[in-house]
Structure formats: C-alpha cells, structure tokens
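Chemist: In case you want the letters, here they are:
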Amino acid sequence: MADTIIEVKNLKKAFGTHEVLTDINFDVHKGEVVSIIGRSGSGKSTLLRNINLLEEPTGGDILFHGKSVLSGDFDLPHYRAAVGMVFQQFNLFNNLTVLQNVVTPQTTVLKRDAASAKTHALELLKQVGMDPFINAKPDQLSGGQKQRVAIARAVAMDPEVLLFDEPTSALDPEMVDDVLNAMKALADTGLTMIVVTHEMQFAKDVSDRVVFMNEGVIAEAGTPAEIFDHPSEVVTQEFLKRYLNRA
Amino acid sequence: MKKVWLYLSGVAVALLAVLAFSTQNVSASGTFKVGMEAGYAPFNWTQSDSSNGAVKIQGSSDYANGYDVQMAKKVAKAIGKKVVVVKTSWDGLQPALTSGKIDAIIAGMSPTAERRKAIDFTSTYYASKLTVVVRRDSKYAKAKAINDFKGAKITAQLSTFHYQAIKQMKGVIKEEAMNNFPAMRVALESGTIDGYVSEVPEGITAQNANPNLTYLKFSKANGFKTNPEDVDLAIGLRKNDPDKAKINEELAKIPTKTRDQMMNDAVANQPSTSEGGNWFMQILKQYGPMLLRGTGMTLLISLVGTIVGFVIGLLVGIVRTIPKPKTKGKRGLQWFINWLLAVYIEVFRGTPMIVQAAVLYYGAAQAFGLNMNKTMAALVIVSINTGAYISEIIRGGIISVDEGQFEAAHALGFTHLQTMMKVVLPQAIRNSLPAVTNEFIVNIKDTSVLSVISVSELFFSAETVAGQNFQFFHTYLIVCGIYLILTFTISRLFRLIEKHIDGPKNYNVMSNQMQAVDASKEANN
Ligand SMILES: Nc1ncnc2c1ncn2[C@@H]1O[C@H](COP(=O)(O)OP(=O)(O)OP(=O)(O)O)[C@@H](O)[C@H]1O
Ligand SMILES: [Mg+2]
Numbered sequence: 001m002a003d004t005i006i007e008v009k010n011l012k013k014a015f016g017t018h019e020v021l022t023d024i025n026f027d028v029h030k031g032e033v034v035s036i037i038g039r040s041g042s043g044k045s046t047l048l049r050n051i052n053l054l055e056e057p058t059g060g061d062i063l064f065h066g067k068s069v070l071s072g073d074f075d076l077p078h079y080r081a082a083v084g085m086v087f088q089q090f091n092l093f094n095n096l097t098v099l100q101n102v103v104t105p106q107t108t109v110l111k112r113d114a115a116s117a118k119t120h121a122l123e124l125l126k127q128v129g130m131d132p133f134i135n136a137k138p139d140q141l142s143g144g145q146k147q148r149v150a151i152a153r154a155v156a157m158d159p160e161v162l163l164f165d166e167p168t169s170a171l172d173p174e175m176v177d178d179v180l181n182a183m184k185a186l187a188d189t190g191l192t193m194i195v196v197t198h199e200m201q202f203a204k205d206v207s208d209r210v211v212f213m214n215e216g217v218i219a220e221a222g223t224p225a226e227i228f229d230h231p232s233e234v235v236t237q238e239f240l241k242r243y244l245n246r247a
Numbered sequence: 001m002k003k004v005w006l007y008l009s010g011v012a013v014a015l016l017a018v019l020a021f022s023t024q025n026v027s028a029s030g031t032f033k034v035g036m037e038a039g040y041a042p043f044n045w046t047q048s049d050s051s052n053g054a055v056k057i058q059g060s061s062d063y064a065n066g067y068d069v070q071m072a073k074k075v076a077k078a079i080g081k082k083v084v085v086v087k088t089s090w091d092g093l094q095p096a097l098t099s100g101k102i103d104a105i106i107a108g109m110s111p112t113a114e115r116r117k118a119i120d121f122t123s124t125y126y127a128s129k130l131t132v133v134v135r136r137d138s139k140y141a142k143a144k145a146i147n148d149f150k151g152a153k154i155t156a157q158l159s160t161f162h163y164q165a166i167k168q169m170k171g172v173i174k175e176e177a178m179n180n181f182p183a184m185r186v187a188l189e190s191g192t193i194d195g196y197v198s199e200v201p202e203g204i205t206a207q208n209a210n211p212n213l214t215y216l217k218f219s220k221a222n223g224f225k226t227n228p229e230d231v232d233l234a235i236g237l238r239k240n241d242p243d244k245a246k247i248n249e250e251l252a253k254i255p256t257k258t259r260d261q262m263m264n265d266a267v268a269n270q271p272s273t274s275e276g277g278n279w280f281m282q283i284l285k286q287y288g289p290m291l292l293r294g295t296g297m298t299l300l301i302s303l304v305g306t307i308v309g310f311v312i313g314l315l316v317g318i319v320r321t322i323p324k325p326k327t328k329g330k331r332g333l334q335w336f337i338n339w340l341l342a343v344y345i346e347v348f349r350g351t352p353m354i355v356q357a358a359v360l361y362y363g364a365a366q367a368f369g370l371n372m373n374k375t376m377a378a379l380v381i382v383s384i385n386t387g388a389y390i391s392e393i394i395r396g397g398i399i400s401v402d403e404g405q406f407e408a409a410h411a412l413g414f415t416h417l418q419t420m421m422k423v424v425l426p427q428a429i430r431n432s433l434p435a436v437t438n439e440f441i442v443n444i445k446d447t448s449v450l451s452v453i454s455v456s457e458l459f460f461s462a463e464t465v466a467g468q469n470f471q472f473f474h475t476y477l478i479v480c481g482i483y484l485i486l487t488f489t490i491s492r493l494f495r496l497i498e499k500h501i502d503g504p505k506n507y508n509v510m511s512n513q514m515q516a517v518d519a520s521k522e523a524n525n
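If you read the protein sequences in the order shown, they are chains G and P.
Okay, so the first sequence: first residue is 1 according to the UniProt record's numbering, each after it adds one.
Okay, so the second sequence: first residue is 1 according to the UniProt record's numbering, each after it adds one.
Rather than coming from a laboratory, the hints here were simulated on the basis of the structure.
No residue lacks a Cβ here, since even glycine has one placed at the ideal position from N, Cα and C.
Do not rely on the hints blindly, as some may be mistaken.
To be verified - Partial selection, computed: residues in chain G whose CB lies under 10 Å from chain P: (1) T17; (2) V20; (3) A82; (4) Q89; (5) N95; (6) V109; (7) K137; (8) M157.
Could you build the full structure based on these sequences and the hints that come with them?
Modeler: Given below as structure tokens:
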C-alpha cells in the first residue's frame, strides 16, 4: 500500500527474561486512525513505547518511511519529533506555563522562531479550548485541561503520526468527553493516529482499523465492524463480552 | 552531551587560570615577611592605626604592634629589608614558614628541640619566666611556690612547654590543654580552671586588662625549673637561611636592659579597653571596623563559595545522571568519569575543611612551590567543598523529578542536554533550593576554620578583638548577633527567591485573544 509511514516487523521486546512482545507485525498508513485494544498487561503501552523508542526493541525492526529506525546513523530526535506521544499521565512540564509548554518544544527541537511558535501554539490551544489558561502552571489545572494542553503540545510539533496511550484513563468521567472530542477533531483533520484505548465507543466511531492485542501478539485486526460485530477469535469475543458487561 | 564536556573543561580551564594568576613569587626580595598571631599581647597584637611604630598587616587595613613587631623592625633593618607582618594563627606559623609564605616567625615562640627538627632558630631575642595566672580572690592567689597548688585545676596552651611544666606542680589536676590565651582567661574567670601556666609578660597583661586576675611571682628555688631552650624566645627561620648570621649579630647588640625597656613599652602600649560608655558602643567604636571587615570577608567567601560550589554541583549532578551510552567505549569512559566524581565527592565530604585548607595552602606551596593568594585559596577550598555537597543535593533533586518529565521531553525529540536545561534542572534546582540555602548558612559559619590559613574572617577578627579587650562574653555576643543577622537575612532572601520562581499562586483567565497575546509576551520573557 502506498504512503506507509510506519512498518513494525517481527518486533520483540523482553524485560530480562520476561517476554512482553513476542512477534508484532503491523503497518500504519498516512491519514489512518488505528485503535489498539486489549487486556491490561497485554503489551499495548510497551508497543507504543517501542515505536517511538522510549524502549529499545530486543528483536525485529521498525521502519519509518522504509528506513530502519534502529540503525546506528538514524536521527533519533528528528524521528521522535515526527512521532508525537500523548501520555496517560499527561506529563506536562511542571516548570513551564501552559503556553510555554506548547512553545518551548517547537523552539527547542524544531528551532522555530519564538513568534511563529507562539502564534502556532495559541491557535492550537484555542482549538482544544485551553486559550484562556495560557498563563497557568500545570498543577493549577484539572486532569482534562492538562490532557488537552498535552495534545496541543504534541500537535504543535506537526507530527506525521501521533501516539496516544490511554489518554483518558486517568480522567474523571465528566472530563473524558472533552478530550475525546479534541481527538476526534484531530482525526478529522487527517492526522495519522495510533490510539491505545479502553474507550470502545471511540474505537468504534473514529478508527479506520482496530487491533486487538493478547499476550504480546496481535490476536486479531480489522475494521471496527469486523472486530466489534464479528470477532473471529475466541479471545477477542471474551474480551469484548467482558467489556460490554462492564459498561 | 558534547556540550556538557565543553562546559566542564571550560570551568576547569578557568579554575586553573585563576590559580595561575593568583600565584606570586615565593620571596619578593626587599621584604621581610614575619608571621605572628597579632593577638598575643604584649608580644604582638592588632590595632587599627599606625601609632607607636605599628606595622601594617599584609592584606588588611589593620596594623600589628608589640615587642615582636619592634624586634622585627630592628632585625629587618640589620639585613636591609622592610618588615611585612603576616597575621597567622599559631598552628599555621610553622607550615607558613616552611612553605615560604613567611620568612620568619617572631611570635613569642621558643626554640624547642621538636621545632628545631623542622625549622631553624636564631639566638634568644627575649628571655622569659614561667608564672601561674589565677583569680585574685582565689586561695591560690597567695601561693608562694609551685607546690602550693594542691587540688587546683591547671591548664596551659596546647603544644607549648607551658603545658609540660604543669608536671612540676605537685598535686594539681592537669586539665586538657587549651587553644589560646583568651579561651584560658575565660575558663579561669568562669571557674572552670583555677589557673593556667603562662609567661610573665602575658601575666602582666592579663592582670592589667582584667582586675579579677593576677599572676604570681616565685623565687628561683620555688619556681619552675625551665630549660633555657623553652623560656628563651627565638626567631624561627627556614633551615639554612643565609640571613641567620646577620640576624644573630644584630640580636647580640641588644642588651638585656634594652630588651626589658622594649617589653615595658610594649606592655604600656598594648591596647586597653577605654573606660566609660556602655560596652556595646565601646566595642563597636573601638573594633567596629575590624569586625565589619571580618563580616565582609566571611560574606565574600561564603557567597562566592556557595555560588561557585552551586555551579560545580550542577555540572557534576548533570554528568552523573547522563543515561548509559550504547557503545562499550563510551560506557567505559562514563564509568571512569563517574568514578572520579564519586572520589571527589567522597574525599571532600569526608574530610574536614580545615584540613583541606591546610593541605591546599601550605601543602601545595611546600610540594610544588605553588604560592596561592590566601583569599583565593579560601575561595577555592570553600567552592570545591560546597560543590561536593551540592552535587549530591542536585543529584537528589534530579532523581526526584518525575520520570514522566524525562519521557515527555524525549518523546518530543529533546536531547539529553535540552531535557536537562529546559525541563529537569529548573525543577531540580527549585526542589534543591532549601538545601542550597542550608549550605550557604553552613558556609557562613564554617568559614571560621579558615583562620588556619590566615584569612581574617569574622571569627578570626572576633578572636583578635577578644584577645585584646578581654571582654570575651560581650565580644562574642556581638559576633553572635552578626552571624544571626547574616544567616537570617539569607534564609529570608532565599524564601523570596523560591516564591519568585514558583510564580503567582493564581492565574488570570484570559477572556479574549488580544489579551492572551499580550500576556503571552510576558509569559515568554
Ligand atoms: N520496564 C518494565 N520492566 C519489566 N516489565 C515491564 C516493564 N514495563 C512493562 N512491563 C511488563 O510488560 C507487560 C505489558 O505491560 P504494558 O504496560 O505494555 O501493558 P498494557 O497492555 O499497556 O496494560 P494496561 O492496559 O494496564 O496499560 C506487563 O506484564 C508489565 O508488567
Ligand atoms: Mg498501558
């Protein structure tokens, strides 16, 4: 398929003798929204952290536009700037204000001049509804507000792919929608996204493809309709059943 | 990462340059550098003007005078040189001489066999007699012989023959030796001891200054048996000093009568407490400038030491938290550097600053002929010492920053250095500030040990003042106040800095874009 951004090939990750990812294969194409679902401990976060090299894979390869990101001469900071990440725990820089959180990465990593970085930041903060809070420090914000700033910060880097690791799991229920709406809006702009989530409705409505992970491998992958309405694997069926009961 | 090394080597080069520029010729010909405590009246003392033929103290605006100073002038004249007085604590005299910081010791020092091993002595320049100083109202004030002190608690100055002589007094309780005369006078007046062994001139002085004290005269048969080597005071010189013969020649020309006259003049001229007025104003009037200069020196050393130590601590803290590199060679290098830094921290945290100062100042001069300016040596020692403590404080501060901050920065494409500079260090420094304030305050107090390398900081000044006015309690009370004012001001100041870093407790919610843009200008400044 044309416009493949990321290819994950036979990816393995072990912590010591504990094999968390046994053999992962999947591609991400431009403009796609891929949701990754699966049981707690199945290796979803580990997969994302391997993709942007916060963890070092112990086997296999990751290709970015056809080039291996694991080869020694690969420009790591540039790659990471191109592959953004939104964390479950927000991880806003505590020493910086909301505005500085969005401006500083642009000026530091992309070497944008302060003025255009600021204009860009204000625009994105307005899109996520956080423009009234530009002078606040992170610890003066609610969780949902922090996560929206974190999204603006990641988007400000103009990434080719944006990874989300359970962005709403640490939020009180009433704030979840604000964040999901911001993500939907982003998906509508055509941004490529990989989203690890427990929000099945979001996975169903927004993604182009759903990946179900189980015990370090991809047990099943397909369109939302395929996965949610006609899951072929027993583990997928059991997982979804338990989820629907809970909801 | 490369940049870190650049910074580090830059600092190292700067330090070396400072060291190099602060070295001076070991012995500028034409001057006769004489070491003395300048706090052992009537032999030597400190005064604030040049009256009665006083000589300027090197690196200070104070003057030294006394029997030793007058004798130094005669001797210097004979060898065609000019006297420079280097104020040095007693323990620092010998290392100062052997390392070339001074040319002679004229400080009421006796030429003991022990000392002769390390340095040379001229012939006698004053012959003294041992006495015992007691409280005037005590039963020992009537003692006629050294054996009349049964049950008395007696002491003397540490590492002097005075202390050895206590053995001759039958039935006394020999107390721990004490550091200096002012301390013994305080102990005596407070009743901690009943007497201390001293020499007659010091006895006269103690009695003149404090009417509650008196010194005892013994007949030859009832007095101390002394070794002429001990009671005779001589000028200490480096071994093989070419001027020794000339100096001895000059000393031979000064008869006992002239010497006694010089001593009488010294006793008469030594500073005494002016009468009248309240003690507070009196001390401030007479010694205010001296104490103020001491305060300035203490503040300078602890401020510069803390700031430079902070920079050192920051660099060491950054280097010690660099993540493990991938290649083996780099890992080995990192291991080695971390090992060196660990050694630096352990050595400087694990040894007393007073020892470090003596090793750097005297040791470096003796071993490598490196003659450092003493203030510079003090700054270097306090900086390096503080650096060792602060690097651990900063390392703790860095470790305490949430792992998520590192991850978010790395995920955005920050390099390690950028992560440190923009995100981690600002938080680590903020978290470390209370501990750094603590270091600053500790430095204010700990600089007092630097008197060992003759730095006239506040405590050394206080010792000099108390040694001259004998108002120990009052003098130290004032100094106590000065220390408190310094430390209290600093702790308040740092609180303000912390508040400033934390920024306002509340933020304004921006109602429209224009306002937001305005505020953003401020926020980004
Ligand atoms: N740094 C680590 N060292 C050792 N084991 C780890 C480490 N990180 C993760 N693991 C293990 O890897 C497995 C997968 O963890 P991971 O966080 O990827 O799961 P997950 O699918 O994201 O779960 P959740 O839905 O709870 O977030 C778990 O068993 C976990 O204990
Ligand atoms: Mg997870």
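Chemist: Indicate, hint by hint, whether the structure satisfies it.
Modeler: So, going through the hints one by one against the coordinates:
Interface hint status for T17/G: violated, as the beta-carbon distance to the closest one in chain P is roughly 20 Å, over 10 Å. With a cut of 10 Å, the hint placing V20/G at the interface with chain P is violated, because the nearest CB-to-CB distance is about 17 Å. For the restraint placing A82/G at the interface with chain P, the shortest Cβ-Cβ distance is roughly 8 Å, inside the 10 Å limit, so the hint holds. Here the hint on Q89/G is kept, as its CB sits about 5 Å from the closest CB of chain P, short of 10 Å.
This hint holds: N95/G has a C-beta 4 Å from the nearest C-beta of chain P, less than the 10 Å allowed. Annotation: interface hint on V109/G holds; nearest CB of chain P at approximately 4 Å, less than 10 Å. Interface restraint check: K137/G against chain P, minimum CB-CB distance 6 Å, threshold 10 Å, status holds. Annotation: M157/G was flagged as interfacial toward chain P, and the flag holds, the nearest CB pair being 6 Å apart, inside 10 Å.
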